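Position chain B against the provided structure of chain A, taking the given hints into account.
If you read the protein sequences in the order shown, they are chains A and B. Every letter in the first sequence is one number past the one before it in the working numbering, and letter 268, counting from 1, is 268. Every letter in the second sequence is one number past the one before it in the working numbering, and letter 189, counting from 1, is 1189.
Incorrect hints may appear among the rest.
Pulled a few chain A residues facing chain B out of the computed Cβ check, cut under 7 Å [stated by the list, open to error]:
no., residue
1, K345
2, M346
3, I349
4, G351
5, A367
6, S369
7, I373
8, L374
9, L375
10, K377
Rather than coming from a laboratory, the hints here were simulated on the basis of the structure. Just so we're clear, the structure is a prediction, and the values are computed from it rather than from any experiment. We treat Cβ as the ideally placed atom computed from N, Cα and C, and that holds for glycine.
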Amino acid sequence: MEKTALLEMKGITKKFGTVLANDHIDLQLYPGEIHALLGENGSGKSTLMNILLGIYKPNSGEMLYKGEKGQIKTPKHAAALGIGMVHQHFALIPTLTVAENIFLSLDHCSFILDQQKMENKIREYSEQFSLEVDPGAKVWQLSVGEQQRVEIMKLLCRNCEILVLDEPTAVLTPQEAGEMFKTLRKMAEHGKSIIFISHKMNEVMEHADRITVLKNGRVTDRMLASDADIDRMAKAVVGERDIEKITIRSKGKTGELLIDAKDLRVLNDKGLVALHDISFQLKAGEIFAIAGVAGSGQRELAEALAGLRKITSGRILMKGNEITKTNIRGRVSKGISFIPEDRLKMGLIPGMNMKENTVLKEFRGKAYSRGGILLSKAIRALTEKHVSDHDIKHGGLDLPVSLMSGGNQQKLLIAREINGNPELIIAAYPVRGLDIGATAAIHRTLLEQRNRGACVLLISEELDEIFELSDRVAVLCGGKLMGIRNTSETDYEEIGRLMSGESA
Amino acid sequence: MKIGAIRFEKKQTVSLSRKVLNPVIFILLGFVLSSVFIMANGFQPIPVFGKMITYSLLNTRGLIGSINAALPLMFCGLSVAIAFKMNLNNIGAEGQFAMGAIFGGAFALYGPALPAPLSGIVMFFLCAIGGGLWALIAAALKAYWNVNETIVTLMLNYIALLFLDYLCYGPWMAPKQTTAMTVTIPQDMYLPLIGGTSSGIFLAIIIAVLLYLFLKYTTGGYQISVIKNSLRTAEYAGIPVKKYILIVLALSGALAGVAGFVQVTGIVHRVQAQLPGGSGYTGIVIAYLSQCNPLVILLVSVLLGALQNSSAVVQIMGVPSQIVTMIQGTLMISVIAGEFFNRYRIVYYKADPESKRAEQKNNHSEQKGGAVQ
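Chain A extracted, bound-state conformation (with noise of 0.2 Å):
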């Protein structure tokens, strides 16, 4: 390469305790370019960027920034030299303006602030690099596309050459994923560096220059991107371990209605309508997905139908029997059983051991509990039980379950969930942040009980495990259900449309 590279890190290690979690890492970033970093869950790829942005310090290794050694320091450091990331969570405070919140990313700012200034720095940004952004917008008015343009408009009044971005097609729709990559592209033309993390193959193939492949914090390939196969990236993602195929396509029994929701009013925590009336039929022996862009009105749909929620308006049956205003524990005896999304918050207890988590919805049952004493050897063999059919590894079932990784920690709790065959399974995210071998696991779990002639109401954001798996897709936008389409007839390209809002 005749260019000479704007950033290199050379051999960057880094240690927590015994873990090694970047291991004598090259990375070279040129100017002009799109970089992208794929690589699965825990490979290394967020504390690389973590060091580059001076949040970690590398045990060893060294960086050259413009030909010049050194390390950087602190991320105060990284935003003097140019180098700003887009977190997945973003940094914004809702109650402000967009250009207030971007007043408080600089670090020089004026004691009187220039507003006037800022809003036409903005919008010159804007029409440059074709991101639309309000400045004298409210944060809290704006969707989650629109906060990430804001973000990526915080690095560009700064005036960083380098930019991060963080996984930062999760929480967008394809279309605003593809308008994303359109300005990223722009920024690259006008002379900036851009990594994005993701462990999204097409995406990284489509929008990226060149593509680092991290494993267990190791680069296992590197390539351009006009060189780039998915069987070429995928064996340097996953390594030499098979990629389970999904095999057990075939249909179960479907046709009995199991549950009929009417015209559906739930609030969110904030007491504003989060589902805006809506109503849908569950089959037994079916996959039901549910789609849309994080904060949709996933979680209070899958909150509302497992009983956690309370239901302004509207009604729930199950086989003919309302349960609108059926407890949590109502609806458990039912048959209904619940993976919420965030397990360690909610769905297990992290501070507890294997035993008594997997006893949390039994331990009334005669089976594990007599006259209020628990009977531990029954919850042992019942625990020993789910280690066995799901293959759990653990280190002792008397070990609190944070020290589980997090795949085994699903897996306990969908073992758990799927205990006496329940009729109706909520499955939110089920698969969030686990490696591949996990989430075929686990899809192969779901599958089954499908098969068994349950019902599975599947959240994801994930189009991929969606059209893989269900056999019908709801699309949720704003809380607003825009239409449900049986997955064979459907393509990636109408339930982008509806999880942007259009209506078919």
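Same frame as chain A, now just chain B:
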């Protein structure tokens, strides 16, 4: 960094021996720290501690006194501990103690005369109910309106203590008395002494063992533990959290109320102003030192009872009796600080040879090339 670094790492698990040993070490350290203050007052710490120990623990009479002094502390400790088992901060054992004594005292002094064992039993339950109801005020506010129970229980202390003052200075004050106390309760309601020790100790042991078993082996104890560890998961599992807040805080208050029972029937045999005398607050110290283990609470209570008991003897030596409160405080701080080492370990990083070389290279280049600016 050239030579590695010291840093704190969160521990994944804590071994049982460490759990036991750690507080013991830090209790000893607390005594060492206290001796600095004793020396600052111009006394030799070893003789002072020696005298305290021989007086309050190593002779029968002293030990009996220490156990009797520990009795209300045991119940207050259990009271605070059971609430804390569900992450509820009951700072109000002091007030619940007072209300227990008021309820029980009203019956003992003005209630119908009942035959001997029955009257004691009625009084026991009335004390428990008095403390329990008092705590239930805070519990209801917490359960239904999410009002902070720490503040409410604390505020209720002032009300209860002033009400006790009012009764003992006013309507209940014994005739021809100058101190704020009632007449003695009927003699047949006295808790019997066994070789000088109040038989309340058996009550304390029984209740502590029952609590221990309840927390460890029952569905109730399990649910309390789930609520403590993850409120949202408890709600998700359909555990009636509100009900448990009411039950556990009421139980906590009832235990503090029973402290009033043992104090009135076992020790002072009357109701008097300032009856709790800070036991409710010492209960917090005890619960913390014992890590809320009911059985350990019994032992730690005796230790703190002995401390209080020995204040008289150090006074004879000329050491101010406040030194006891000071030691108590130092112990608390020391053990809380020691908790940190239960959860974290100190790690000394020696850079491994390979990365050391890299680092040396780094440093070298830094000296030559200077940092990026």
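The hints, checked one at a time:
1. Because the smallest distance between the Cβ of A:K345 and any Cβ of chain B comes to about 6 Å, under 7 Å, the interface hint for this residue holds.
2. For A:M346, the suggested interface contact is upheld, since its CB lies about 4 Å from the closest CB of chain B, less than 7 Å.
3. Interface hint status for A:I349: upheld, as the beta-carbon distance to the closest one in chain B is roughly 5 Å, under 7 Å.
4. Because the beta carbon of A:G351 sits about 4 Å from the nearest beta carbon in chain B, less than 7 Å, this interface hint is met.
5. Given the 7 Å rule on beta carbons, the hint for A:A367 is violated: about 13 Å separates it from the nearest Cβ of chain B.
6. For A:S369, the shortest C-beta to C-beta distance to chain B is roughly 5 Å, which falls under 7 Å, so the interface hint holds.
7. Taken as an interface hint, A:I373 checks out: its beta carbon lies about 6 Å from the nearest beta carbon of chain B, inside 7 Å.
8. With 7 Å as the threshold, the beta carbon of A:L374 comes within range of chain B, its nearest partner Cβ sitting at about 6 Å, so the hint holds.
9. Interface restraint check for A:L375: the shortest CB-CB distance to chain B comes to about 10 Å, outside 7 Å, so the restraint is violated.
10. The criterion of a C-beta within 7 Å of any C-beta in chain B is not met by A:K377, whose closest approach is roughly 12 Å, and the hint is violated.
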